[in-house]
Amino acid sequence: AQSVTQLGSHVSVSEGALVLLRCNYSSSVPPYLFWYVQYPNQGLQLLLKYTTGATLVKGINGFEAEFKKSETSFHLTKPSAHMSDAAEYFCAVSDRTDKLIFGTGTRLQVFP
Amino acid sequence: NAGVTQTPKFQVLKTGQSMTLQCAQDMNHNSMYWYRQDPGMGLRLIYYSASEGTTDKGEVPNGYNVSRLNKREFSLRLESAAPSQTSVYFCASSEGGVYTEAFFGQGTRLTVV
Chain A
1 AQSVTQLGSH
11 VSVSEGALVL
21 LRCNYSSSVP
31 PYLFWYVQYP
41 NQGLQLLLKY
51 TTGATLVKGI
61 NGFEAEFKKS
71 ETSFHLTKPS
81 AHMSDAAEYF
91 CAVSDRTDKL
101 IFGTGTRLQV
111 FP
Chain B
1 NAGVTQTPKF
11 QVLKTGQSMT
21 LQCAQDMNHN
31 SMYWYRQDPG
41 MGLRLIYYSA
51 SEGTTDKGEV
61 PNGYNVSRLN
71 KREFSLRLES
81 AAPSQTSVYF
91 CASSEGGVYT
101 EAFFGQGTRL
111 TVV
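Protein chains in written order, with this note's numbering: chain A, 1 to 112; chain B, 1 to 113.
Excised from the complex, chain A in its bound form:
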C-alpha cells in the first residue's frame, strides 16, 4: 500500500531563510507525488506534482521539489521564505488510481 511520511509537524524559519519540508514515500509502483498547501480556513491547493520525466519539479510561489527514487523522498524547498508562505503543507502519493494518500502535514511558521 502507498503511504507518505512527513518528518516534522512544525517547521519555523526566519523570513529570507531556506525552507525545507521533508516527505518520504512508500509505493509498490512508480509513484505520482504531490505537494499541496493549505492557508488558514481554506481548502487545499496544488503546489506542484511529479509524475514522470524530470525529477526536479518547479511549482508555484517559488517552491520546488526533487524526486529521489534511491531515497524514496520528495522534499519541498524554497530558497527564501516569505511571510506569506506561512501555511500547512501536505505531501501526497497516488498509486495511479483515482485515490490520493496524504501525509499528516507540516505547519510552516515564518518569523520576521
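Hints were generated in silico from the structure; no laboratory data involved.
Mimicking DSS-like on lysine-lysine, the simulated pairs with C-alpha atoms at most 25 Å apart in a straight line are:
| hint | chain 1 | residue 1 | chain 2 | residue 2 |
| --- | --- | --- | --- | --- |
| 1 | A | Lys68 | A | Lys58 |
| 2 | B | Lys9 | B | Lys71 |
| 3 | A | Lys99 | B | Lys57 |
| 4 | A | Lys99 | A | Lys69 |
| 5 | A | Lys68 | A | Lys99 |
| 6 | A | Lys99 | B | Lys71 |
Based on the hints, put chain B in the right spot on chain A.
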C-alpha cells in the same frame, strides 16, 4: 469560476442527529472525493466516486454514507452523528483516470456535541 462548492460551511449537531453535507463541482470532473481532516492526522479519505453511479470506500468509511447524485454532485451523509465525527470535511474533484490534480472545496467544519 466556482470550482468545488460545499454547503454548509459550519454545522453543530447533537449526538444522534443526522445531516447531509452537500458538494457540487462545475468542472465536468469524473472523480469526486470526501476527506476528513483532523489535527495531526492529515486528510483521510472517507469515500470516493470514480464516475457517476459508482462509489467506493476509502480509509475511514464507518458511520458515513455517500450518494453520487449526478456528475456534478456528491453528498456525504451522517446517519447518527457521534462526537468522534467532529472534524473538518473536504470535498474534492479531479478529472480521474491516471491521476490528475484534485481541486478542493473550502471545507465544512462540523462539531458534534
